[in-house]
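Assemble the dimeric complex from its two separately framed chains, guided by the hints.
The listed protein sequences derive, respectively, from chains V and U. Just so you know, we're using my numbering here: the first sequence kicks off at 1 and counts up by one. Just so you know, we're using my numbering here: the second sequence kicks off at 1 and counts up by one.
Treat the hints loosely; a few may be bogus.
Once the Cα atoms are required to be at most 20 Å apart in a straight line, the calculated SDA-like pairs of lysine to any residue come out as [said to hold, decoys possible]:
#: 1; chain 1: U; residue 1: Lys42; chain 2: V; residue 2: Ala2
#: 2; chain 1: V; residue 1: Lys11; chain 2: U; residue 2: Lys42
#: 3; chain 1: U; residue 1: Lys71; chain 2: U; residue 2: Glu5
#: 4; chain 1: V; residue 1: Lys14; chain 2: V; residue 2: Gly59
#: 5; chain 1: U; residue 1: Lys42; chain 2: V; residue 2: Tyr10
#: 6; chain 1: U; residue 1: Lys42; chain 2: V; residue 2: Gly3
#: 7; chain 1: U; residue 1: Lys105; chain 2: V; residue 2: Glu109
#: 8; chain 1: U; residue 1: Lys57; chain 2: V; residue 2: Glu104
#: 9; chain 1: U; residue 1: Lys42; chain 2: V; residue 2: Arg9
#: 10; chain 1: V; residue 1: Lys57; chain 2: V; residue 2: Lys14
#: 11; chain 1: U; residue 1: Lys22; chain 2: U; residue 2: Ile47
#: 12; chain 1: U; residue 1: Lys105; chain 2: V; residue 2: Leu116
#: 13; chain 1: U; residue 1: Lys68; chain 2: U; residue 2: Arg43
#: 14; chain 1: U; residue 1: Lys57; chain 2: U; residue 2: Glu2
#: 15; chain 1: U; residue 1: Lys22; chain 2: U; residue 2: Lys108
#: 16; chain 1: V; residue 1: Lys11; chain 2: V; residue 2: Glu85
#: 17; chain 1: V; residue 1: Lys11; chain 2: U; residue 2: Arg43
#: 18; chain 1: U; residue 1: Lys105; chain 2: V; residue 2: Leu96
#: 19; chain 1: U; residue 1: Lys105; chain 2: V; residue 2: Ser87
Far from chain V, some chain U residues (derived; all Cβ distances over 12 Å) [said to hold, decoys possible]:
#: 20; residue: Glu56
#: 21; residue: Lys57
#: 22; residue: Ile62
#: 23; residue: Asn67
#: 24; residue: His76
#: 25; residue: Thr78
#: 26; residue: Val111
Just so you know, the hints here were simulated from the structure itself, not pulled from any lab data. The C-beta atom is built at its ideal place from N, Cα and C for all residues, glycine as well.
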Amino acid sequence: GAGVSQSPRYKVAKRGQDVALRCDPISGHVSLFWYQQALGQGPEFLTYFQNEAQLDKSGLPSDRFFAERPEGSVSTLKIQRTQQEDSAVYLCASSLSTGVNTGELFFGEGSRLTVL
Amino acid sequence: GENVEQHPSTLSVQEGDSAVIKCTYSDSASNYFPWYKQELGKRPQLIIDIRSNVGEKKDQRIAVTLNKTAKHFSLHITETQPEDSAVYFCASFYGGSQGNLIFGKGTKLSVKP
Chain V
1 GAGVSQSPRY KVAKRGQDVA LRCDPISGHV SLFWYQQALG QGPEFLTYFQ NEAQLDKSGL
61 PSDRFFAERP EGSVSTLKIQ RTQQEDSAVY LCASSLSTGV NTGELFFGEG SRLTVL
Chain U
1 GENVEQHPST LSVQEGDSAV IKCTYSDSAS NYFPWYKQEL GKRPQLIIDI RSNVGEKKDQ
61 RIAVTLNKTA KHFSLHITET QPEDSAVYFC ASFYGGSQGN LIFGKGTKLS VKP
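So that you can see chain U by itself, here it is in the shape it has in the complex (with noise of 0.2 Å):
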C-alpha cells in the first residue's frame, strides 16, 4: 500500500524567510497531493493541492512542486508569517480507495517575529 513520508518534524524560521517541507510517496499511481494546515486544537485545512499532471501550483506566498519521477512534492511557503505557525501535513492519494487518503505525519511550524 501507500506510505508517505515527511520531513521535517519540526521547522523554526524567522519571520520573513521561506520555510520548505518535503514528503515522499510509494506509490507511482498517486494522482492527488493536497497540503492541509492544523493549527493546535483546530480542524485540519486544505490549503493548496496538486495533481499528478502538473509540475507546480502556486497561490500567493503558498507553492507545491511534484517531482513524479523521485516521487516526491514540496511545500512552499514564502515571506512566513507568525500566523503561519501551525502543523502542516501532506497527504496523498491513489485511487486504491475513494476516501483513502494517506497522510503524512506533519510538520510543525513555527515562525518567529
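In isolation and in its complexed conformation, chain V is listed as follows (with noise of 0.2 Å):
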C-alpha cells in the first residue's frame, strides 16, 4: 500500500478482554516500531522489530502486552485482560532503515483503544 496502515482504527473493549491491534508497513520496510500515545502526550515506544526479529521489548508496560512479526512484514500488537489504563491510540512506524536514525520513520494512523 501507499502508506503505513492500521486496523481497527477504533477498538471498545470491556475491561478483562483481550485486543489484537494489526500493522500493515510499507512494503519492503525492514524495521517496524510500537508506540502508545495516551491523550495530550507525546507517544512513548513500545517495542521495535528488524525484519521478524524483535530487538527491543523494553517499553511494553507488562507482561500482558506482546507483539510479534512472524513473517518479517505484518505486525500485531495484542494486549490480554485489558485495564482502563491501556486506553491510548496505538501507534505503528515502519521504515525503509534500521534504527530510528538511520531514516524516516512513516506512522500510520493509529489504533485508539478504549477499555471500559
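What follows is the structure, encoded as C-alpha cells:
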C-alpha cells in the first residue's frame, strides 16, 4: 500500500478482554515500531522489530502486552486482560532502514483503544 | 535515561508571524533530533530533523537549531499559515535502543488568520 495501515482504527473493549491490533507496514520496510500515545501526550516507545526479530521490547508496560512480526511484514500487538490504563492510541511506524536515526519513520494513523 | 522537555505547551500566533518551539534533553549522548507534526486525529509526520554534528538545518519556512552545549534544540517556523496549525512534537534519540525515540509532550500551535 501507499502508507502504513493499521486496523482497527477504533476498538472499544470491556475490562479484562483481550485485543489484537494489526499493522501493515510499507512494503519492503525493514524496521517496525510500536508506540503508545496517551491523550495529550507524546508517543512512548513500546517495541521494535528488525524484519521478524524483536530486537527491543523494553517499552512494553507489562507482560500483558505481546507483539509479533512472524514473517517480517505484518505485525500484531496483543493486549491481554485489558485494563482502563491501557486506553490510548497505539501507533505503528515503519522505516526502510534499521533504527530510528537512520531513516525516516512513517507512522500509521493509529488504533484508538478505549477500555471500559 | 533520556528526558525531553518541550515548551510551550500551547502557542497562538497571527498568520505571517514566526513561531518558535523549544526542547531540552538530558543525555549528552543523544545524537538525532526529529520534529513531527500531528494534525488532529492524523498520523505524526516528520517535518525536519537534525543530527548532532550540525548546528542548524533549514527547509523552506522551517528551520531547526541545535545547541549541544546547552542540550537544547528549537523549531522555527517563519511566515506562519493557518495550515501550520497542529501539534508539534520534538524527539531525541540517544542510542540506548534502536527503536527508542523519546518524545516531548507536544506543542499545540494555532495560527489565526
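So, going through the hints one by one against the coordinates:
{"no.": "1", "hint": "Lys42(U) - Ala2(V)", "in the structure": "holds (16 Å)"}
{"no.": "2", "hint": "Lys11(V) - Lys42(U)", "in the structure": "holds (17 Å)"}
{"no.": "3", "hint": "Lys71(U) - Glu5(U)", "in the structure": "holds (11 Å)"}
{"no.": "4", "hint": "Lys14(V) - Gly59(V)", "in the structure": "violated (24 Å)"}
{"no.": "5", "hint": "Lys42(U) - Tyr10(V)", "in the structure": "holds (13 Å)"}
{"no.": "6", "hint": "Lys42(U) - Gly3(V)", "in the structure": "holds (13 Å)"}
{"no.": "7", "hint": "Lys105(U) - Glu109(V)", "in the structure": "holds (18 Å)"}
{"no.": "8", "hint": "Lys57(U) - Glu104(V)", "in the structure": "holds (16 Å)"}
{"no.": "9", "hint": "Lys42(U) - Arg9(V)", "in the structure": "holds (11 Å)"}
{"no.": "10", "hint": "Lys57(V) - Lys14(V)", "in the structure": "violated (26 Å)"}
{"no.": "11", "hint": "Lys22(U) - Ile47(U)", "in the structure": "holds (15 Å)"}
{"no.": "12", "hint": "Lys105(U) - Leu116(V)", "in the structure": "violated (25 Å)"}
{"no.": "13", "hint": "Lys68(U) - Arg43(U)", "in the structure": "violated (29 Å)"}
{"no.": "14", "hint": "Lys57(U) - Glu2(U)", "in the structure": "violated (23 Å)"}
{"no.": "15", "hint": "Lys22(U) - Lys108(U)", "in the structure": "holds (13 Å)"}
{"no.": "16", "hint": "Lys11(V) - Glu85(V)", "in the structure": "holds (14 Å)"}
{"no.": "17", "hint": "Lys11(V) - Arg43(U)", "in the structure": "holds (17 Å)"}
{"no.": "18", "hint": "Lys105(U) - Leu96(V)", "in the structure": "violated (26 Å)"}
{"no.": "19", "hint": "Lys105(U) - Ser87(V)", "in the structure": "holds (17 Å)"}
{"no.": "20", "hint": "Glu56", "in the structure": "holds (18 Å)"}
{"no.": "21", "hint": "Lys57", "in the structure": "holds (14 Å)"}
{"no.": "22", "hint": "Ile62", "in the structure": "holds (15 Å)"}
{"no.": "23", "hint": "Asn67", "in the structure": "holds (19 Å)"}
{"no.": "24", "hint": "His76", "in the structure": "holds (20 Å)"}
{"no.": "25", "hint": "Thr78", "in the structure": "holds (23 Å)"}
{"no.": "26", "hint": "Val111", "in the structure": "holds (20 Å)"}
Violation of the numbered hints given earlier is confined to hints 4, 10, 12, 13, 14 and 18; the remaining hints are satisfied by the structure.
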